[in-house]
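J.: Given the sequences, and given the hints that come with them, work out the whole structure.
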Amino acid sequence: MVAIAIIRMKDLFAIVMLSGIYGLLSACFFVAMDAVDVAFTEAAVGAGISTLLMLVVITMTGRHENKTRHKPLSALFVVIITGGLLIYGTFDIPLFGSADAPIHHHVSPRYINDSAAEIGVPNIVTSVLASYRAFDTFGEVVVIFTAGIGVLALLAVVRRPEDESEIDSINDSMHEQHLIIRIVAKILIPFILLFALYVQFHGDFGPGGGFQAGVIFAAAIILYTMLFGLSTARKVINQPFIQLIAALGVLLYGCVGIASLLNGGNFFDYNVLASTPIGGQHLGILLIEWGVGCTVASVMILIFFNFGGRREMQQQKTTQHKAMQTKAKQDSQIQEFL
Amino acid sequence: MLLGLFNDWIVIVLMMIGLYTVIAHGNLIKKLVGLTIFQTSVFIFYISMAKVSGGTAPILADDITKYSNPLPHVLILTAIVVGIATTALGLALVVRIKEAYNTIEEEEIQQQDNQIQTMLTQQTPSKEDNNTGEQS
Numbered sequence: 029m030v031a032i033a034i035i036r037m038k039d040l041f042a043i044v045m046l047s048g049i050y051g052l053l054s055a056c057f058f059v060a061m062d063a064v065d066v067a068f069t070e071a072a073v074g075a076g077i078s079t080l081l082m083l084v085v086i087t088m089t090g091r092h093e094n095k096t097r098h099k100p101l102s103a104l105f106v107v108i109i110t111g112g113l114l115i116y117g118t119f120d121i122p123l124f125g126s127a128d129a130p131i132h133h134h135v136s137p138r139y140i141n142d143s144a145a146e147i148g149v150p151n152i153v154t155s156v157l158a159s160y161r162a163f164d165t166f167g168e169v170v171v172i173f174t175a176g177i178g179v180l181a182l183l184a185v186v187r188r189p190e191d192e193s194e195i196d197s198i199n200d201s202m203h204e205q206h207l208i209i210r211i212v213a214k215i216l217i218p219f220i221l222l223f224a225l226y227v228q229f230h231g232d233f234g235p236g237g238g239f240q241a242g243v244i245f246a247a248a249i250i251l252y253t254m255l256f257g258l259s260t261a262r263k264v265i266n267q268p269f270i271q272l273i274a275a276l277g278v279l280l281y282g283c284v285g286i287a288s289l290l291n292g293g294n295f296f297d298y299n300v301l302a303s304t305p306i307g308g309q310h311l312g313i314l315l316i317e318w319g320v321g322c323t324v325a326s327v328m329i330l331i332f333f334n335f336g337g338r339r340e341m342q343q344q345k346t347t348q349h350k351a352m353q354t355k356a357k358q359d360s361q362i363q364e365f366l
Numbered sequence: 530m531l532l533g534l535f536n537d538w539i540v541i542v543l544m545m546i547g548l549y550t551v552i553a554h555g556n557l558i559k560k561l562v563g564l565t566i567f568q569t570s571v572f573i574f575y576i577s578m579a580k581v582s583g584g585t586a587p588i589l590a591d592d593i594t595k596y597s598n599p600l601p602h603v604l605i606l607t608a609i610v611v612g613i614a615t616t617a618l619g620l621a622l623v624v625r626i627k628e629a630y631n632t633i634e635e636e637e638i639q640q641q642d643n644q645i646q647t648m649l650t651q652q653t654p655s656k657e658d659n660n661t662g663e664q665s
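Protein chains in written order, with our numbering: chain A, 29 to 366; chain B, 530 to 665.
If you are wondering where the hints come from, they were derived from the structure by calculation, not from laboratory data. It is possible that part of the hints are untrue.
Mimicking DSS-like on lysine-lysine, the simulated pairs with C-alpha atoms at most 25 Å apart in a straight line are [what the hints assert, rightly or not]: (1) 263(A) - 214(A); (2) 345(A) - 627(B); (3) 627(B) - 350(A).
Quantities reported herein were computed from a predicted structural model and do not represent experimental measurements.
T.: Here is the structure:
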């Protein structure tokens with residue numbers, strides 16, 4: 029329902045808000061489907077970070093959509109044909125919740141039955157993510173890191189020091205009004221950060237882990253940036269440091285793999301890292317989750333900082349432009365007067 | 530039977546809404562939102578495949594024997610975070626397009642491109658004419 033409302037609306041601001049609600053709803057759905065780890069991530073990403081990012085972008089690009097659409101009828105035709113074919117395909121899919129579906133008979137029984145003995149971590153999702161499929165997860169972390177670099181390359185702004193004061197004045201005028209929100213946020217942010225760390229360290233035993241902790245941590249920092257202005261946030265956390273952390277996270281992850289190679293095991297075979305295999309697994313998973321958490325959090329913060337920086341640059345340009353226009357007007361008036 | 534396939538149908542409906550948005554709408558941000566809906570429908574598909582009726586969340590405990598499948602959870606967990614990173618990259622491209630063309634409607638961008646193209650094609654033959662004139 030929300031999705032239909034999203035495509036019907038013209039106002040992009042309402043669309044972005046609705047997509048936040050949509051993210052939250054799908055997080056609730058994931059809890060109902062027993063996927064608690066996924067629900068964590070979706071709640072932080074779908075309802076938090078992606079909504080904020082889209083908001084920043086529509087402040088730059090304008091919030092209204094044109095009425096024109098390309099051939100809606102033929103698009104509808106394609107969509108209905110594809111949908112019909114897919115629904116025809118569903119009749120061969122095993123029924124929802126049936127335990128004898130093929131998906132539950134390949135590698136999953138091994139994960140469920142043996143991971144307690146092999147890995148020694150209660151949360152099966154964590155043990156699959158960080159140990160059985162560590163190589164896969166490494167690839168995904170690298171993808172996130174690359175996306176961060178891409179955003180940096182597209183949007184990075186070289187700032188000259190003399191611009192700072194002007195931006196500060198813009199920020200101050202913008203943020204002074206939201207006193208209540210700022211105080212509430214000041215109370216909440218430490219707890220959000222603490223919760224992110226809890227999720228990070230508790231990922232072995234309950235739902236949680238590096239990805240979830242990273243996005244929650246980043247959401248807290250982004251909230252701070254939204255409320256107190258980019259330059260204040262940049263004073264607290266400077267950007268080169270964040271870039272360093274993002275790279276270090278990937279490096280830490282890779283180093284754990286190399287370390288297990290050097291100790292005589294396979295790449296990402298943590299059994300050899302400590303004296304007992306279970307201890308080695310614990311150590312390896314802990315280090316890897318740290319690497320993932322660092323990279324995810326710092327890439328998200330980096331992306332947001334760059335969008336924000338771009339926006340400030342545009343604002344500054346427009347204000348300068350306006351100032352120049354008014355000055356030119358005044359000059360012409362003075363000349364007329366003379 | 531019908532109830533057993535209900536989740537899959539919802540997934541297909543969501544997926545088609547996303548696809549329609551990507552095809553039919555000209556606004557680039559709207560296209561990205563459509564892409565996100567498409568993405569979420571795939572997530573929902575995977576997660577509902579993982580559900581075993583009567584099972585619980587895949588966190589080991591002593592008195593529980595039936596768990597849902599952890600593997601799709603792992604795949605989707607990472608896919609969500611990768612998804613937001615790539616969406617951010619798309620949004621960054623939209624911002625740059627806005628700066629270059631001053632619009633994010635696909636048709637207006639195409640018009641501007643066509644104008645530039647026609648200007649270029651008008652210029653090049655005249656240049657060639659000049660060259661041949663100089664040579665002769």
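J.: All the hints need checking, so say for each whether the structure fits it.
T.: Each hint tested on the structure:
| no. | hint | result |
| --- | --- | --- |
| 1 | 263(A) - 214(A) | holds (16 Å) |
| 2 | 345(A) - 627(B) | holds (15 Å) |
| 3 | 627(B) - 350(A) | holds (20 Å) |
The structure agrees with every numbered hint stated previously.
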